[in-house]
Amino acid sequence: MSGYIAFVKKEFTENMKNYRFLIMFAVFLIFGITSAFLAKFTPEILSALAADMEMSPEPVALDAWKQFYKNISGVGFSAFIILYGSCLSGEYSKGTLVLMVTKGLSRKAVILAKYTIAAILMTISYWVSYAATYGYTAFLWQDASLPNVALAALALWIAGFLYLSILMIGCVIFRQTFTSILFTGGIVAVISLLGIIEPIAKFSPFILTTKNIDLISGEITLSDFMIPAVVSIVISILGLLLAIRLFNKKQL
Amino acid sequence: MNVLRVENLSKSFGNQKIIDNLNLSVPEGSVFGFIGQNGAGKTTTMKMVLGLLQPDNGEIYVCNEPVSFGQTKTNQFIGYLPDVPEFYNYMTSMQYLRLCGEVIGVSKAEIEQRGDELLTLVGLNGVSKKIGGFSRGMKQRLGIAQALLTQPKLLICDEPTSALDPVGRKEILDILRKISKTTTVLFSTHILSDVERICDRVAFLNGGKIAICGTLAEIKALHGHDSLLLEFSANSELQMFRKQEAIKPFLPDSEENNREIILHSRDIKKVQHVLFRVFTETGLCPAKMEIMEPSLESLFLEVIK
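Sequence lines, in order, name chains R and P. 1 is the number of the first residue of the first sequence in our numbering; add one for each residue after it. 1001 is the number of the first residue of the second sequence in our numbering; add one for each residue after it.
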């Protein structure tokens, strides 16, 4: 336990010193702030540039959330995966972990500490980004009231842990950052492909990242999210356990 | 008591057998030199002792407790210094030692005190620079400090001096000698002068096995023949010396160089007796006479042949 706490502290410092947290926070915050503005002003900008272009209908608050989910689930989480793809490969290639492990730091503590800090920093970045979108949307569309906004965001946040678990497995198996990221991308692609197949589509965690807008607009209900959320959490936990198991057998 | 005992250890990488049925014991209190060529399997053996690599076969005991791959309790007895130790560059040495101390689970006050002592021992006290700016020698010294933080019974150093300049090397060897009073040191290297400087026991690793093992004196006595060097003040004296009947039996085994001659024999005392008789009879007087110790280098070359 003392090893875990010590390593969590070390991970936190490291993420601050190497700007990993700063970059991720900035990416998420920029998308959080710009989502509402882009939704509001894109039609105006376009019409100013091309006067004879056919105008899309007047933007609504839902468009701001469309921007948010498009950007965060795409670019935001990609940045997260790319930034944390090097969380173990750096330690492998330099050999810094060897000294820690030979001091009796359990391998489980290494993985858990890395997971904990990545999850905390992702959570902070994500919800700050959410708050920014929420604030600016409320400011730009003062009379709009949308249901389930927070719950839709919760769904994508749950999927964030799934991404992280898959990334951890990749980082444990592969010694290179690039292959870890590629592995994560591959598995995520497989999950989204499985999400198309009809009989299992409604259980797929893929829903958590693609149907958020439908939940806000009321096209689907909250109950449609329940099973995918549970599936996602279960896979995340199993993935983390698998990563620990694999790491225990890893020759350092 | 043996701090480290290795029994019938084997390890292959792919088709290549690196360690082949290796047996080794390191007695408590010794400074043990583990000698072998590059790629002989020194690092592999050490990593197996630390539970970082899985042996194909065999048993390893540290302080009579078996080593198991992955999580091994025996690491609490061991301090490890890898060949090129790497730390977290953004930390200072004291911050790094604090992290190590927290991982081991030592109290804060104790970490501060021990950290201070160790940094003084390795000459890094008062260095406030981040580790990223350290030279290799400094990293090596910090490596020793972190390895000793656990107050280990056994310190394993993997080629601690290989990458260092003469000053850095001397510093590391001095530190190792200093700590050898309280800690058993296992020290792998292919630099033989280092071994002669600080080790009292050695083992030569060759072909995945221990080729010779014992105290330095034992090994020198067992292997390699004794030699005697004679230097004359002029070449003519040397030629006259060579013509003596009593000397002739030794000549086929000798090496000659300008005014010097080196005689080899298993019984060096007998050679000395003969020489003194020749000197009194002929009135010849060498400028220098020296019994040459067999060098580890010649032993090493003999072993790997």
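Mixed in with the good hints there might be a few duds.
To be verified - In silico DSS-like links for lysine-lysine, alpha-carbon gap of 27 Å or less: (1) R:K250 x P:K1073; (2) R:K250 x P:K1129; (3) P:K1243 x R:K94; (4) R:K9 x P:K1017; (5) R:K94 x P:K1270; (6) P:K1139 x P:K1153; (7) R:K17 x P:K1129; (8) R:K250 x P:K1209.
In case anyone wonders, no lab produced these hints; they're calculated from the structure.
Evaluated hints:
Distance hint between R:K250 and P:K1073 is fulfilled; the C-alpha atoms sit about 17 Å from each other, no more than 27 Å. The hinted pair formed by R:K250 and P:K1129 fails the criterion: a straight-line CA distance of about 34 Å is larger than 27 Å. Between P:K1243 and R:K94 the CA atoms are separated by roughly 65 Å; this puts the pair beyond 27 Å, and the hint is violated. A C-alpha spacing of about 41 Å is found between R:K9 and P:K1017, which places the hinted pair above 27 Å, so the restraint is violated.
Pair hint R:K94 plus P:K1270 does not hold up; C-alpha atoms about 58 Å apart against a cutoff of 27 Å. Our distance criterion of 27 Å between C-alpha atoms is met by P:K1139 and P:K1153, whose separation comes to about 22 Å. Restraint check for R:K17 and P:K1129: the C-alpha separation of about 16 Å stays at or below 27 Å, so the hint holds. Distance hint between R:K250 and P:K1209 is fulfilled; the C-alpha atoms sit about 26 Å from each other, no more than 27 Å.
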